[in-house]
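Participant: Model the full assembly from the supplied sequences, consistent with the hints where possible.
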Amino acid sequence: MSNIKRCVSLYSYQDEYYLGKLDLEGCLRETAKTGATGVELLAEQMIKRFPLPIETEEFRSQWFDWMEKYNLTPVCYDAFLENRIYDNRTLTLREQIQMMKRDIRLASLLGFHNLRTLVSTPMDVIEGSMDYAAKMDVKIGLEVHAPFSLNSGWADGYMEMIHRTGTKHFGFIPDMGIFCKNIPDVVREKARRHGASEECIKIVDDAYASRREKGFVKIKYDLDLGKANMEYRMANGMKEMMDAVAAAGGGPADMEYAGTSFTYSWSEPQDIIDNIDYIFHTHAKFYNMHEDLQETAVAVPEVVEAYKKAGYTGYLSSEYEGGEHLRMDLDVDSIEQVRRHQEALKAAIGE
Amino acid sequence: MSNIKRCVSLYSYQDEYYLGKLDLEGCLRETAKTGATGVELLAEQMIKRFPLPIETEEFRSQWFDWMEKYNLTPVCYDAFLENRIYDNRTLTLREQIQMMKRDIRLASLLGFHNLRTLVSTPMDVIEGSMDYAAKMDVKIGLEVHAPFSLNSGWADGYMEMIHRTGTKHFGFIPDMGIFCKNIPDVVREKARRHGASEECIKIVDDAYASRREKGFVKIKYDLDLGKANMEYRMANGMKEMMDAVAAAGGGPADMEYAGTSFTYSWSEPQDIIDNIDYIFHTHAKFYNMHEDLQETAVAVPEVVEAYKKAGYTGYLSSEYEGGEHLRMDLDVDSIEQVRRHQEALKAAIGE
Amino acid sequence: MAGRPIYNPDSFQNIREDGKVVGFCFEMKAQYYRSFTLSILRDIRLNVDGEDVNRDDIRITVNGETFTLEETRTVIDPEYRWEFGEYAAVSVRKEGGLAQGTHSLRGMQIIAPSYMPFQIEAPCDTEFEIR
Amino acid sequence: MAGRPIYNPDSFQNIREDGKVVGFCFEMKAQYYRSFTLSILRDIRLNVDGEDVNRDDIRITVNGETFTLEETRTVIDPEYRWEFGEYAAVSVRKEGGLAQGTHSLRGMQIIAPSYMPFQIEAPCDTEFEIR
Ligand SMILES: [Mn+2]
Ligand SMILES: [Mn+2]
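Protein chains in written order, with the numbering used here: chain A, 1 to 351; chain B, 1 to 351; chain C, 1 to 131; chain D, 1 to 131.
It is possible that part of the hints are untrue.
With a straight-line Cα cutoff of 25 Å, these simulated DMTMM-like cross-link-like pairs (lysine to aspartate or glutamate) come out [said to hold, decoys possible]:
1. K135/A x E57/B
2. K48/B x E86/D
3. K21/B x E71/D
4. K94/C x D49/C
5. K239/B x E79/D
6. K181/B x E143/B
7. K48/A x E71/C
8. K69/A x E55/A
9. K135/A x E55/B
10. K101/A x E57/B
11. K101/B x E65/C
12. K48/B x D49/C
13. K48/B x E71/D
14. K101/A x E79/C
15. K48/A x D77/C
16. K21/B x D125/D
17. K214/A x E268/A
18. K101/A x E71/D
19. K202/B x E268/B
20. K101/B x E79/C
Source of the hints: derived by calculation from the structure; they are not laboratory data.
Facilitator: Here it is, written out as C-alpha cells:
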C-alpha cells in the first residue's frame with residue numbers, strides 16, 4: 001500500500017474564482033468534495049489585500065476553522081518572489097531575502113510546511129533564507145517546471161548547494177508538466193478553432209514526438225532565464241520546425257501552436273526515483289481530463305508509478321491548467337476537471 | 001509652586017552625535033546630567049535602520065533599561081510623515097494614515113505618550129489616526145513652529161476639528177521659536193563672519209523690531225506651504241526690506257541674513273494661556289545661551305511665566321538649534337548649551 | 001458562450017465634471033491568475049475607434065484611489081493591489097468624451113511579474129456602447 | 001577649527017577593476033539632522049576641478065549596496081537609510097580616474113524631506129589629494 005496523499009492546488013479553480021462562482025471557502029469546499037485531504041494555496045490569488053489579512057488573528061482563525069470544517073491540511077504555499085517590484089531596479093539581495101522570509105512567515109502563520117518558490121529565485125536568496133525556514137519549520141521547494149528538469153545541469157547547481165550546506169529545508173517540487181508525452185489536446189483544439197492547418201499541426205506534433213524520442217536537450221543554468229530558454233529552444237530544433245511551419249504556409253494560429261509547443265517537455269519518470277530524497281511536494285499538473293479519466297498529455301499512471309516505487313509519502317497536488325486554452329472561446333469546468341483528476345490519481349495510487 | 005517639568009530633546013545634541021562624540025546612550029546620560037527628567041527622541045536621528053530596532057524586544061529592553069538607569073521618562077516622539085517618499089507622487093490618504101499609525105505604534109512601543117507631527121501633515125491624516133492614537137494612549141501634537149502661531153487663522157482650522165470631533169488626543173506643541181524678541185545673535189554673528197555689513201544688519205534688525213512692534217501679520221492656512229509662506233513674507237514687508245538691503249549694497253551674506261530673518265517670529269506669550277487646554281508638550285527652542293543664562297532672542301522668562309499662569313503641568317523640552325549657525329566655522333558645544341538652558345528653565349519655573 | 005468577460009459591459013460611460021464631459025471610463029478585470037501590485041502594471045494601451053489614446057490621459061482607480069500610469073510605478077501598498085477577479089476602473093481624459101453609440105476598443109494590459117523573462121501582454125478587445 | 005567635516009579625508013582614491021582604473025570614490029556624511037531613505041536623496045551634484053560629473057556616472061553605496069541615482073528613487077528599505085553621522089561611499093565612473101595630486105571638489109547634496117516646500121541643497125566643497 002502506498003502512503004501517497006492527495007492535494008488540490010486552488011490555482012485549479014481560477015476560472016470559477018475569476019467569474020465569482022467560487023470564493024476562497026468555495027474552493028476549499030470543492031477540494032474536500034474530491035476526496036483530497038491537502039490544500040495548496042496561492043495567497044496572492046485568493047486573499048485580498050495580501051498580505052494584510054494573514055497578519056490578523058481574525059483571518060487566521062477563519063482559515064483554521066475552514067481546515068477543520070473541510071478536513072483539510074495546509075500543504076503548500078505558493079510564493080512569488082517579486083524581486084522586480086519596481087521597474088527601475090532589481091531588489092537587493094537583502095531586500096529579496098527579507099521578502100522570502102516574509103513569505104516563509106506567512107506560510108507558517110497559515111500552517112503550511114512547504115513553500116513553493118520559482119526558478120527565478122536567486123540561489124543566494126534561498127541560501128540566505130534557509131536558516132529562517134528551518135526555524136519556522138517550512139521547507140522551500142523549487143518548482144521544477146517545464147522546460148526545466150531534474151537530472152540536468154540546471155538541477156546540479158541546486159544539488160551542489162544542498163550537499164554543501166546539508167540543508168533539510170530545501171528541495172524540489174516537480175511539476176508534472178515535465179512529463180508530457182505530447183502536446184495537450186486542449187492546446188491543439190484551440191489552435192484548430194483559431195484556424196491552424198492540419199499540415200502545420202502535424203509538423204509540430206511530429207517534432208514533439210521526435211524530441212521525445214531522441215530525448216530533450218536539457219536547459220542550462222543561467223541567471224538570464226530568457227537567454228537560457230532561447231538556447232534550449234534552439235538546441236531542441238525550434239528553428240527547423242518553425243521554418244517547416246512557415247514553408248507549409250503557417251498563419252498566426254499555426255505559429256502560436258508551434259511556439260507554444262516548446263513550453264511542454266518530457267522527462268523520464270525515473271528522474272523522480274533518482275531524486276526522491278529531495279522531493280517534498282509535487283504539482284500534479286494536468287491540462288484536460290476526459291470522462292474516462294485519461295489525461296492525453298501528462299503520463300499520470302507512469303509518473304505515479306515512479307512515485308510509488310520511490311516510496312514517496314508526500315502529496316500529489318492537482319494543478320489544472322487547461323482553462324487558459326478554453327476560456328477565450330468556451331466555458332471552463334475546473335470543478336469537474338479536478339474531480340476527474342483526483343479520481344485518476346486515486347486509481348493510480350491504488351487507494 | 002509650579003508643576004512644570006523639564007525635558008531635553010536629543011535633537012539638541014546633533015552636532016556631538018554627528019561627530020561621534022555622543023551615541024544615543026551618551027545623549028541620554030547628558031540629558032540626565034542637566035537635571036531634566038524627560039526625554040524627547042527623533043527615532044530617525046539616533047536609531048539606525050529605523051524602524052527595525054524598535055520592533056525588537058532587544059532594543060526596547062535596552063531602551064527601558066536606559067530610562068531606568070538615567071531616571072528618565074519618555075515624553076515626546078518626533079515623527080516625520082514622509083508622505084512624498086517617492087518622487088513621482090504624494091502617498092494616498094490611506095498610505096499616509098498607515099504611516100502615521102506606524103509612528104504612533106513605534107512611539108507607544110518606546111513608552112512615549114506624545115507624538116510631534118509637523119504642520120505639513122494633512123488634517124485628514126490626523127483625523128484618520130486619532131482613534132488609533134486614543135487606543136494607543138498617544139497624543140498627537142501639531143508643532144507650532146515659526147512662522148506659524150497660535151491664535152491665527154491657521155490654528156483655527158485645527159481648533160474647529162478639535163471641537164467637532166471632541167478629541168482628547170490631538171493638540172498643539174508650541175515651539176518657543178515663535179517667541180523671538182529679535183533675531184538670534186548667533187545668526188547675526190554668522191552673517192558678520194561671512195561679510196555682512198553693519199548697515200544692512202541694522203536694516204534687517206530694525207525691520208524685525210518694527211514687525212514685532214506692529215504685530216506680525218499671521219500666516220494663513222494653505223495646503224501649499226510654500227505659497228502660504230511667501231504670502232506671509234510679503235504681508236510682513238519682505239519686499240521693502242530686501243529692496244532696502246539691496247539699495248545699501250547688500251552682498252550674499254547680507255541677503256542671506258535678510259532672508260533668514262523671516263524664519264523667526266514673535267507671538268504674544270498670552271497665546272499660551274489662551275490655548276493651554278490644547279497644549280500637551282512644548283519645544284523650548286533656543287539658539288544661544290550665554291554664561292549668564294540669558295537667551296538673547298527667545299523670551300524664556302516671559303514665556304515660562306505664561307505657562308505658569310496657565311497652570312501647565314507638562315514638560316518644557318530644551319531644543320537647541322544654534323549649532324547650525326556655528327558649525328561651518330566654529331566648534332559647537334551643545335552639552336554646555338543645554339546645561340545652561342536647563343538652568344535657565346529651572347530658574348524661570350522657580351523649582 | 002463567447003469567452004470569459006473582461007469588461008463590465010454596463011460600466012462604459014462618459015465622465016462629467018462641473019457639467020462638462022471631460023472623458024470616459026469603464027471597468028475591466030486583470031488578465032492574470034493572481035493579484036499584483038500596481039507597480040508591476042507596466043502599461044495599459046488603449047485604441048478607441050482606431051485612435052490611440054495618449055498614455056498620459058489614462059488613469060486607473062483601485063480601491064477608491066486614482067493613479068496615473070506614471071504614479072503606479074511606485075504603488076506597492078496592499079491596499080491597491082489589482083485583485084484577481086475584481087474590476088478596476090480605467091478612465092481616459094478626453095474633452096467632450098465619446099459620442100453616443102457603439103465604439104470599438106482595442107486594449108492591452110501589460111504586466112511584468114518578476115519571474116518572467118518577458119512582459120505579459122494581454123489583448124483585451126471589445127465593442128461597447130455609450131448611451 | 002575649520003568647521004564640521006563632511007568628507008572622510010582618507011577616503012579619496014581611484015577605483016581599480018581588473019587592473020584598470022575605472023573611476024574614483026570618497027566617503028561623505030549627509031548634511032541633514034536625521035537619517036533618510038535614499039528615495040528622498042534627489043540628487044548628488046559633483047564638479048571636480050571645474051568639470052561637472054555626469055549624473056549617470058555617480059553611484060552611492062550604503063550598507064554594502066551600491067545604487068545609481070536613478071535606482072535610489074525606489075530605495076525605501078530601512079537597511080539602506082543614509083544614517084545620520086555615518087559615511088556613505090560615493091563613486092564616480094571615470095576611465096583612468098583622477099591624476100595624483102590635489103583636486104578641488106564642489107559637491108551638492110539635494111534631499112527632499114516631504115514636509116519642506118522646497119528641496120534642501122547642501123553645498124559640500126573641499127580639496128582632496130589622490131596619492
Ligand atoms: Mn506548477
Ligand atoms: Mn521644534
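Participant: What are the numbers of the hints that this structure violates, sorted from low to high?
Facilitator: Result: hints 3, 5, 12 break, sorted rising.
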